[in-house]
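S.K.: Here is what each chain is made of, one letter per residue.
2 protein chains.
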Amino acid sequence: MDKEKEIVITSRIRLARNLKNYKFPTKMTDEEANSIITNANDVINGSGLNFSLSYMKDLTELAKNVLIEKHLISPALAENKNEGAYLLSPDNKISIMINEEDHFRIQTIGSGMCLKECWDTSNKIDDILEEKLEYAFDRHLGYITSCPTNIGTGMRASVMLHLPALSITNQIDRLLYGVCQLGVAVRGVYGEGTKSMGYLYQISNQGTLGASEETLIEKITQIVMQIVEKEKNIREQLKNNNVDELEDEIYRAYGLLTNARSMSTDEAMKLISYLKLGKEIGMMESVQNKDLYELMIKIQPNNILSFANKEISVKERDVKRAELIRNELSS
Amino acid sequence: MDKEKEIVITSRIRLARNLKNYKFPTKMTDEEANSIITNANDVINGSGLNFSLSYMKDLTELAKNVLIEKHLISPALAENKNEGAYLLSPDNKISIMINEEDHFRIQTIGSGMCLKECWDTSNKIDDILEEKLEYAFDRHLGYITSCPTNIGTGMRASVMLHLPALSITNQIDRLLYGVCQLGVAVRGVYGEGTKSMGYLYQISNQGTLGASEETLIEKITQIVMQIVEKEKNIREQLKNNNVDELEDEIYRAYGLLTNARSMSTDEAMKLISYLKLGKEIGMMESVQNKDLYELMIKIQPNNILSFANKEISVKERDVKRAELIRNELSS
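Chains as they are written, first to last, in our numbering: chain A, 1 to 331; chain B, 1 to 331.
With the rest of the complex left out, here is chain A:
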């Protein structure tokens, strides 16, 4: 399972839920929105859990963007003109976004391939809320959601994959196209649109209707494991047939990351991705104890701004990013 954890970075289960007696977030009043926030907070923290509540209106743009880069909240919640808020578990693994597109988005994130565990956790939180609050639910359709694509289970199962070997051998596009035919959605992570940064991809289910949560999770898991197998095979092939070129690329990445004095997000993501590959195929002893995915999050633009702790230009940000990377890799 270790190898899979390297390729499968995170698993995520998100449940979309709405309350019966309230309008959807796009239509509701601020009073309704606040009432939902209060109710959710009371139910969750009244159940013995210890989640922290944060209101979007209390956060700076920077703080919101940092949370987005950390995948703790969605861009939609940050942009929401209505009263938005979120409840966060002490370990940051469970978040309940309130008044995003739906009244609730219950999200659990875990490391590696753990959709079932995430589903169990999200399901428990869901049960706690459902016990006290009346959901919009239809016997035939299932959970009613703001967007029809989420109706049914209201569940989205997502897996974030790091696929450098498939990417640098130009096999990724064909593979992902094939995967899309199987009814799953693929998108780049951190990139604009479907563009990927750092060879990170997110695979998630497209349909939420007509199958149980377990069936959907089983399907995604099978597809992901096939992609993981493919990535592993290409890594083996690269090691056997192109070891010199690969080693050169990986060491060059290390040389630049540990020496550059200025670096864009795009370049840093690519180089850290090479380093991560090098670490995982045993070519980079010196970074064996580094969490390189965590580093990928830390070097995102808003995380850098927050690290700098003051207003800085894009140029200064690139300098700070290079400094942070050097410190992280040398420490």
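You can trust all of the hints, since none of them are fake.
In silico DMTMM-like pairs for lysine to aspartate or glutamate, Cα to Cα no more than 25 Å straight-line:
no., chain 1, residue 1, chain 2, residue 2
1, A, Lys320, B, Glu247
2, A, Lys298, B, Glu247
3, A, Lys298, B, Asp244
4, A, Lys270, B, Glu267
5, B, Lys279, A, Glu323
6, B, Lys310, B, Glu79
7, A, Lys315, B, Asp248
8, A, Lys93, A, Glu79
9, A, Lys290, B, Asp248
10, A, Lys315, B, Glu236
11, B, Lys270, A, Asp244
Hints were generated in silico from the structure; no laboratory data involved.
Please build the complex by placing chain B on the supplied structure of chain A, with the hints as guidance.
M.R.: Coordinates of chain B only, in the frame set by chain A:
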């Protein structure tokens, strides 16, 4: 003078001489060629000097190419179909090429700006030869040479300059064009034609007629010192106005040189050139004790082949080059 030594890498004085009673090398027989070699060797080593004699025919192509890359012999001598040879001083600073384009090419190389010292040395060797052998000399024209451009003093004074600051700020072409107008020749070193590798340029006199050696040397020296001033000024400007970009480039060069597993000559020359600039403007403490110009010679293709000590492909050569650079910079 320290700063000038950094920018002026080597000075060289070459004297073209021919013997009166022999045809020019392009026309002469092998017997004549061998007679000249024997005579020169007898005169030089009979005078108390201890020069080693090497025949071109005894050297492999690789050995000849290594000598060319070290600037000890010219490509013309290596290619000569006639009997070519050279006499070399124990410290490798003085070489007498025999039966190149002219019967003798007496060459002295020194570090930094030292044309006058090189002239003194070449002049002494010239005197030793002239005392015993009868030169082709005309009272009006001066020394008679195979190519009319060398007639007169038969002297070429050359200075090798390292001009990274002028190069990276795109001011080099205009400057060199201006310099050409002053009657001096400029060419890139190691590059094809006038292309420069590693921002190394060679400045030399074009005319050899109608002025004394001292006057020609004075003229070249003045022009070189002006270029050196210009390079120094741009370095100061870069440090004052573009320190971040410059530092980034220099540290990236260091990161790549100390980590890459494969590297072409062209890339290595460029990166070492940046490192040399970094060292000289005080940005690169870790290479303060390295002779980076020597490294530039060592990484030339034939020097790498000779270091590898067996037949290797271009790809393998790039791997060896990267290995050599890592070793040299880490030692």
